[in-house]
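Here the structure of chain A is known, so what remains is to put chain B in place on it, guided by the hints.
Keeping their order, the protein sequence lines are chains A and B. Be aware that the first sequence starts at 303, since it is given in my numbering, and climbs by one per residue. Be aware that the second sequence starts at 303, since it is given in my numbering, and climbs by one per residue.
Don't read these hints as lab results, they were simulated from the structure. Computed from a predicted model, the values in this text were never measured in an experiment. Glycine included, C-beta positions come from ideal geometry on N, C-alpha and C. Check the hints yourself; a few may be wrong.
[To be verified] Straight line, CA to CA, 27 Å or less: simulated DSS-like cross-link-like pairs of lysine-lysine:
(1) Lys570/B / Lys431/A
(2) Lys431/A / Lys372/A
(3) Lys570/A / Lys431/B
(4) Lys564/B / Lys372/B
(5) Lys522/B / Lys431/B
(6) Lys560/A / Lys372/A
[Said to hold, decoys possible] Selected chain A positions facing chain B (in silico; Cβ < 8 Å):
(7) Val358
(8) Ile363
(9) Met416
(10) Asp418
(11) Ile438
(12) Asp442
(13) Ala462
(14) Ala463
(15) Ala470
(16) Gly474
(17) Ala483
(18) Leu486
(19) Thr572
(20) Ser595
There are 2 protein chains.
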Amino acid sequence: MVSRYVTLLDSHPTHLDRLMVQTPALSLSTYTEEARAEIDAALERYTAFETECPDVLREAIRHSLLAPCKRLRPLLVLMAAEACGCDRGAAIPAACAVEMIHTYSLIHDDLPAMDDDDLRRGRPTCHAKYGEATAILAGDALLTEAFRVLANDIAPAHVAARCCVELAEAAGASGMVGGQAADLAAEFQGGDVQDLEAIHRRKTGAMFRVSLRLGALVAKAADEQLVALDTYGRKLGLAFQITDDLLDVRGDEHAMGKRIGKDADHGKLTFPSLLGIEESQQRAASLIEEACSALTVFESSASQLEALACHIVERNR
Amino acid sequence: MVSRYVTLLDSHPTHLDRLMVQTPALSLSTYTEEARAEIDAALERYTAFETECPDVLREAIRHSLLAPCKRLRPLLVLMAAEACGCDRGAAIPAACAVEMIHTYSLIHDDLPAMDDDDLRRGRPTCHAKYGEATAILAGDALLTEAFRVLANDIAPAHVAARCCVELAEAAGASGMVGGQAADLAAEFQGGDVQDLEAIHRRKTGAMFRVSLRLGALVAKAADEQLVALDTYGRKLGLAFQITDDLLDVRGDEHAMGKRIGKDADHGKLTFPSLLGIEESQQRAASLIEEACSALTVFESSASQLEALACHIVERNR
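Bound-form chain A, shown alone:
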């Protein structure tokens, strides 16, 4: 990765004191542990559904949503809000909304009619445990609740409305859902690296980008900060997907908490199948370097985003 701290030091030796401040106050693992606890507590509260929700539906929703996992997208929301100078507490509802959308998409994508998976986040998939009908409804309920949370708990109202619009655009027919439809179609039709990047721009990239944008919107970010986060998110999303494809070839099923080797079995387009393993790894590393370069506008406030980007290509799950 580009070390912009060293670059700053070289060109501005008088900035040494400032550099000390720029060193992340918390390690990535400590930060993510604390932030995940806040996210999990909020998700727990949001899905208590104390009135009128049938027990089996509540259980199915919580089975999938509250399973231990990385919480990558909500972490991006919180880190972006902090990078833009906002307390992360104000962005917790947006973080939860993004995680609800992500989890609903996993529940529906795992259905027999789609990717037909039986293991996710180290647990049986929602339909494997509760049946297909309940899994479809659990996904629908999470998708709906995401917008309730944003519209109700983000302030002021014009920011809440803007967050709803951006999340819907990222998650809908021109975003994530469109990407999944294109991905299913590509299984039968094949394609090249451009096709694969176009699929992942929608399927993974759109949700990465909107996670960062929601955090920035809550923090009333300046335009140049939004542009920087867009670039970071686009590159990070693609690097994440390449790593995901690599882990599907070489990963550890237990660590991943989901079945591996399924992409090849289904004849799916993947980066390793199109570029080979080594070039895929190089591509992911370059993207992370470019993603971090985009963060220079934030100086020290984006240190967690930078650390997270490096972690993403080094992860084993």
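For chain B alone, kept in the frame of chain A given last:
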């Protein structure tokens, strides 16, 4: 039905001129024909998805959404807005959002894992024509688009945010989705009239009520108007469901545009099976009378809502 025009005339003979104004300027059929054309045109625009949406997904969405049908819920939005003194044009986005939610719920409820239907709105169901995976995604995309439309096209922003919250509450785990989950559970467990009413309060009633509320919110309705519309919506929703159950026993499949007789085949709880046909009919008629009584607060401006209520129990589809 209660004829409040006659009542007004009896007690205030000098109100004769006013009574003439209170007579609906348009017949229900002319009104609904014009309003439906506006709704259909807006739904057509909203689902053009000119960029980034795979063709098959766009076609599946439009196949289900643009099929000729009653547009009952969006008509309720527009009529409520007009009853509260607002031009119906301002409520068109809310009307479209409600119809998108309703259509997504039909697509998902028709899936093999749920009610397993092959005919809807006189066309093959979405999964029968495009496959299960695409039907699941088409439903997801419509659900998502409903919130985009509300958040983007309703003004001011605090009304847009409030509309998103109320629609999510009505459609989600404690509303429509919860009702469908309870309905599926009841197939196996049986129940009485109270259970059945509780299911339909969520499954049908919540969407009827929120349709009226969104129209009223857009029109900045007074509290007493909202209360009146709540009562009207609750009674109308139940009357509609009783009539729907009756049509499933005695209706015309061609006119209905969907399979009939399926409730009995699936051992579903229905009003005719619990109360008998005659008592079900009487119950529906009483509910409509009560629904119309709640509208007196509006004087003449709710004449279309009153006419629609009467039509609902007399319909054949």
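Cross-check of the supplied hints:
no., hint, result
1, Lys570/B / Lys431/A, "24 Å, holds"
2, Lys431/A / Lys372/A, "22 Å, holds"
3, Lys570/A / Lys431/B, "24 Å, holds"
4, Lys564/B / Lys372/B, "21 Å, holds"
5, Lys522/B / Lys431/B, "42 Å, violated"
6, Lys560/A / Lys372/A, "13 Å, holds"
7, Val358, "7 Å, holds"
8, Ile363, "7 Å, holds"
9, Met416, "5 Å, holds"
10, Asp418, "10 Å, violated"
11, Ile438, "6 Å, holds"
12, Asp442, "5 Å, holds"
13, Ala462, "5 Å, holds"
14, Ala463, "4 Å, holds"
15, Ala470, "3 Å, holds"
16, Gly474, "4 Å, holds"
17, Ala483, "4 Å, holds"
18, Leu486, "6 Å, holds"
19, Thr572, "19 Å, violated"
20, Ser595, "27 Å, violated"
Hint violations for this structure: numbers 5, 10, 19 and 20, all remaining hints satisfied.
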